[in-house]
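Asks: Chain by chain, the residues run as shown.
There are 2 protein chains.
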Amino acid sequence: MTQPDQTPETIEIDLQPVGRRISIQPGQTLLDAARLAGIDLSAACGGIGTCGSCRVKILRGSLDAPTLAELDVLEAAELLAGVRLACQVTPKTDVQVYIPPESLSSPQQMQIDGFGDLRRDHPPVQAIELDLLPPDEKDLRADLSRVEDFLHCRLAANSQQITLLSEALRAHHWKARLALLQQDHFCHLAAALPPGTPIYGLAADLGSTKLAFFLVDLENGATLVTNGVMNPQIAFGEDVVSRIAFANRQPANRRLLQKVVVDEINQTIEHFCLEANITPQQIVDVVLVGNTAIHHLVAGLPVEQLGQAPYIPAVSRGLNLPAESLGIQAASGANVFLPPNIAGYVGADHVAALLATQAIQSKETTLLVDIGTNTEISLIHAGQTFSCSCASGPAFEGAHIHAGMRAMQGAVEKSKITAESVQLTTIGHVLPLGICGSGILNIIADLRQARIINERGVMDTHHPRVKANGRKTQFLLASAKETGTSQDLIITRQDINEIQLAKAAIRAGIDVLLEAAGLQSNDIQHFICAGAFGTYLDTACAIQIGMFPSLPLERFHQVGNAAGVGARQMLLSSAIREQAEKVRQQVHYIELTAHPGFRDLYVENMIFP
Amino acid sequence: MTQPDQTPETIEIDLQPVGRRISIQPGQTLLDAARLAGIDLSAACGGIGTCGSCRVKILRGSLDAPTLAELDVLEAAELLAGVRLACQVTPKTDVQVYIPPESLSSPQQMQIDGFGDLRRDHPPVQAIELDLLPPDEKDLRADLSRVEDFLHCRLAANSQQITLLSEALRAHHWKARLALLQQDHFCHLAAALPPGTPIYGLAADLGSTKLAFFLVDLENGATLVTNGVMNPQIAFGEDVVSRIAFANRQPANRRLLQKVVVDEINQTIEHFCLEANITPQQIVDVVLVGNTAIHHLVAGLPVEQLGQAPYIPAVSRGLNLPAESLGIQAASGANVFLPPNIAGYVGADHVAALLATQAIQSKETTLLVDIGTNTEISLIHAGQTFSCSCASGPAFEGAHIHAGMRAMQGAVEKSKITAESVQLTTIGHVLPLGICGSGILNIIADLRQARIINERGVMDTHHPRVKANGRKTQFLLASAKETGTSQDLIITRQDINEIQLAKAAIRAGIDVLLEAAGLQSNDIQHFICAGAFGTYLDTACAIQIGMFPSLPLERFHQVGNAAGVGARQMLLSSAIREQAEKVRQQVHYIELTAHPGFRDLYVENMIFP
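In order, the protein sequences belong to chains B and E.
Residues in the first sequence are numbered consecutively from 28, following this note's numbering.
Residues in the second sequence are numbered consecutively from 28, following this note's numbering.
No wet-lab data here; the hints were simulated from the structure.
Hints may be right or wrong, so weigh each one.
Pairs count within a copy or across copies, as identical chains cannot be separated in the list.
Pairs of lysine to any residue, SDA-like flavour, derived with a Cα cap of 20 Å [claimed, not checked]:
id, residue 1, residue 2
1, K165, E618
2, K443, Y563
3, K165, Y616
4, K165, H622
5, K165, Q335
6, K609, R181
7, K286, N185
8, K237, G587
9, K609, L167
10, K609, H179
11, K165, E542
12, K609, L182
13, K165, A621
Everything numeric in this text was worked out from a predicted model, so none of it was measured.
With the rest of the complex left out, here is chain B:
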């Protein structure tokens, strides 16, 4: 336990959203920390606290009171929200800091793929133009009856909705445009708009690390605007397990984890409305996909039982909830569709990916893998689907890796290492800041091929770049001089071990599914890698370290954010929503923690081929 009275020897600064951790000495500022890590934090005034350009937000950890310089420069609301000037803050204990894009000299944005139009196929929410006869002494029908008679269906609507409908009709000569959700024998009134108003949907892939948002034109399927932001829940836990633990500490925590995501959703809606020149009332449908824990947190469902075996979800079937009940500021009658999940650790994002990639309908044996802190894997064979989830850890997202960082500018994403030389390629072709998931995979595959590490991951201490320091051995990738920062870029024995654990879990999961289906790895005709990491990893390297089975490279398909595509499809097709429910029901879920053979396969796969 850290004693508050004793100043620790070094202080750990966790820099977000890049995900780079750096150690500083007491007395050093957050600006120093960013510079040590090679992050170009703006400091127009040279760090004397007058320009205000190095604004950062403290996510975790406590600090001394703001300086006079900060009190001069920062608004009261900013101070309340935890905003500080990096040049003025000298942390005494570990802190987590968020650096907003506007405080960077060279902007770094979270990239999301997924522009492009998708096929409309009877969208769940459709627009209908109303053109009614006004009431008179011969026709005294109530407003709602007048509309229902026109539509030949009964409207599910709350009183706010009916009020907006009445007002819209009376304001526009008994004409209006309704957005209607056809669902379960009902016409649910999502919005009552002036005649001719276009309607839109919001799709979101809520990842543990990143939230990806899409504004979709419900009438032509076009994706108009996208937005990628860090999941603000990171401040309360790097992975979902620690967020569940935080949520269980007290009810207010669970509400806080919901609120921070809903706030991001609402900010995105605001941003989309500005970009597309529309109003929130025109966003008449919302689809949110995410893993089961994020799903439960955002929906306001209990997560305690997700944190302990046998990891039971409160809800696994698809849910429609009023956007209003979640605090989402879309059309006042908009529903949020939360597609079904398969199990406590196989969520709606995986269901969406199974549908978007069409893996689920494949006639040939197909494996879909979405690698993250939890890696979800499904094997489709002869009309059957087997799924599992394995705890692969956050190593591929840069966490738990000494020089790890997210796949952002400056991250090493490729390497070419021989016994004699090291070549590194970074995102954006700038000096290396750290190593992202695909980089570390590449580096380890190279180290193994060059025999610098053995099959157990032990480094050859005779190699000139390997430095042995007791049990802490490390390999020098680039010197401080080469990186342009204060630190050497290294990979440690511990880093290699993290990857061994991760790749063993994934491979053991694949092996368990193959065994369940009675197949050999070579029977896999299509091996689909979804998700950000799955898209950028080098499959040859993944085979080389034994994470993926050795298949011809042409059988691999790297498909990007399939979950996001699936979410958008669910805005545009009722059939896809129905299929999602079928997927949930047809999957044979295998709980690896309870599987008798999993442990042995896991240990076996720790070894490099």
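Since the structure of chain B is already known, use the hints to place chain E on it.
Replies: The following block gives chain E in isolation, referenced to the frame of chain B:
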């Protein structure tokens, strides 16, 4: 217009809930006003402001700041809520004051009838005991799926409901008691309770003047507790027309009119929970009936269009709204059922009365009349139902009558007047405070029979009790000495005119319906009088003044609060709810303001027989 700088000669004090108006002189206190009106307001300290027993609440009008005595005695929250000490307040302008029962020496309570059990017949909300197998590694179904599989139906529930369900199951070894509303192909989850918990429903008849509440045991049909309170909307308008006008002035007003009623509902729930030793979570169903304007105001629907021809409701079919969306603090998943209304001025209370009296199913020609500020009338003949509403005004509730008051203790309810003598009977057999509706009807019938007024309502100025004062003639019922107050109890020419207008409207409404059905008045086999006034009026007197057609007295049925009975039946029978919808659809509504013959019939019926 009253000039604020000029003190008016007399100040009008409107004392609620009795509904008695009294004129005082500047300098007189509210305690004086109550005493002048003969109301026994407590004043243990003799009116020096120390005992606090004469607490009253100011509903309308502005006063000087509280005195030091008041600041000593009253809590801050009371002062903010408009509570004052009657002995300390000397109004300078007209005010409306509410005297709470606890401030009266002899308590006066609003009486409501309606104890007694009703028949259960498949209540819409029923309890089901859940007894589930707990999840294990072989059975990983989500909580909601586990419940839905047990019930063989899909549950409509929001996330709060699912959370309570999960928590209840885990707290009670996978047992729970669910309250389920079967509706439109759905099982709506009203509450998830510990195993064996009894469930209850709240029924309310929301009158313009009085709110009547009933707590009903949904498992045996018993009415356990009732409560009658003044409708707090009175502070914003005596009748619904003036409340609609108030609501239309600004959106906040409409919300205020909703809030004051919802506050009363919540206070009643609190009171019922204490009385019956239950929790609000056990109140799993709510039925509210009322006239269309009150319905719209409580449901949060727009009322502007109800205030102008052709008086179109926003909604006329039955509505189910989440109790939570209206701010009603019952079980968190409880629905509020608002039964259908027939037209802008024939509400769900009349539909409930048609069902409760079984008038609607009558094989014989039946007339149902519910007299109030608006009088709703239905004629059932040969399988057809004709309905109308007539603006009978608030005279029968004591308003617009010089000495009028509500039917509470001290009100003259019966008279026996001959050319020579006057005998008055009051409610509670105490000295007369004023005259309630049945009293004024009786007095006018007597005056007419004794030829003290002629067929046009003009008083015989030769009669010793008649005092002519220009156009203002009046009849002395009791001298100040006889009433024990400072004022003579009189009936004025203006009072008689108010009753002429009211009775003419009602009779013209009856005549229009008879004409529509092609009937003569003598064809009416059953003449049902519902509502408080209808129950207590003397039908012979009503015939005598021409308000009701001359039928044999045995054809009249005075049935009390039939709307309240109907509301309770709707808690206990799905069939009654369905019938309510059929009633709405089958009624031939006749809008009297647009009826060509109504005006003539109205004028004709102003004459006394």
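Asks: Each of the hints needs a verdict: does it hold here or not?
Replies: Each hint, compared with the structure:
In this homomeric assembly, K165 and E618 come within 20 Å of each other (Cα to Cα) only across copies, at 9 Å, whereas the closest approach inside a single copy is 66 Å. For the identical chains of this complex, K443 and Y563 are intra-copy neighbours only, at 16 Å inside a copy versus 100 Å across copies, given an alpha-carbon limit of 20 Å. Proximity of K165 to Y616 under the C-alpha cut-off of 20 Å is restricted to the inter-copy arrangement: shortest distance 10 Å between copies versus 62 Å within a copy. Taking CA atoms no more than 20 Å apart as the test, K165 paired with H622 passes between copies only; the shortest distance there is 11 Å, against 72 Å inside one copy.
Taking the shortest alpha-carbon separations for K165 and Q335, only the inter-copy value of 15 Å comes in at or below 20 Å, while the best intra-copy value is 65 Å. Proximity of K609 to R181 under the C-alpha cut-off of 20 Å is restricted to the inter-copy arrangement: shortest distance 15 Å between copies versus 27 Å within a copy. In this assembly of identical chains, the alpha carbons of K286 and N185 lie at most 20 Å apart only when taken from different copies (17 Å versus 24 Å within one copy). Proximity of K237 and G587 under a CA criterion of 20 Å is satisfied intra-copy only: 14 Å inside one chain copy versus 65 Å between copies.
Proximity of K609 to L167 under the C-alpha cut-off of 20 Å is restricted to the inter-copy arrangement: shortest distance 17 Å between copies versus 46 Å within a copy. When the C-alpha separation of K609 and H179 is checked against a cutoff of 20 Å, the pair qualifies only between copies, where the shortest distance is 18 Å, while the shortest distance within a copy is 30 Å. In this homomeric assembly, K165 and E542 come within 20 Å of each other (Cα to Cα) only across copies, at 18 Å, whereas the closest approach inside a single copy is 74 Å. Taking identical chains as interchangeable, the C-alpha atoms of K609 and L182 lie at most 20 Å apart only when they sit on different chains, with a minimum of 18 Å there against 27 Å within one chain.
For the homomeric pair K165 and A621, the shortest alpha-carbon distance between copies (9 Å) is at most 20 Å, but the shortest distance inside one copy (71 Å) is not.
In this structure, every one of the numbered hints holds.
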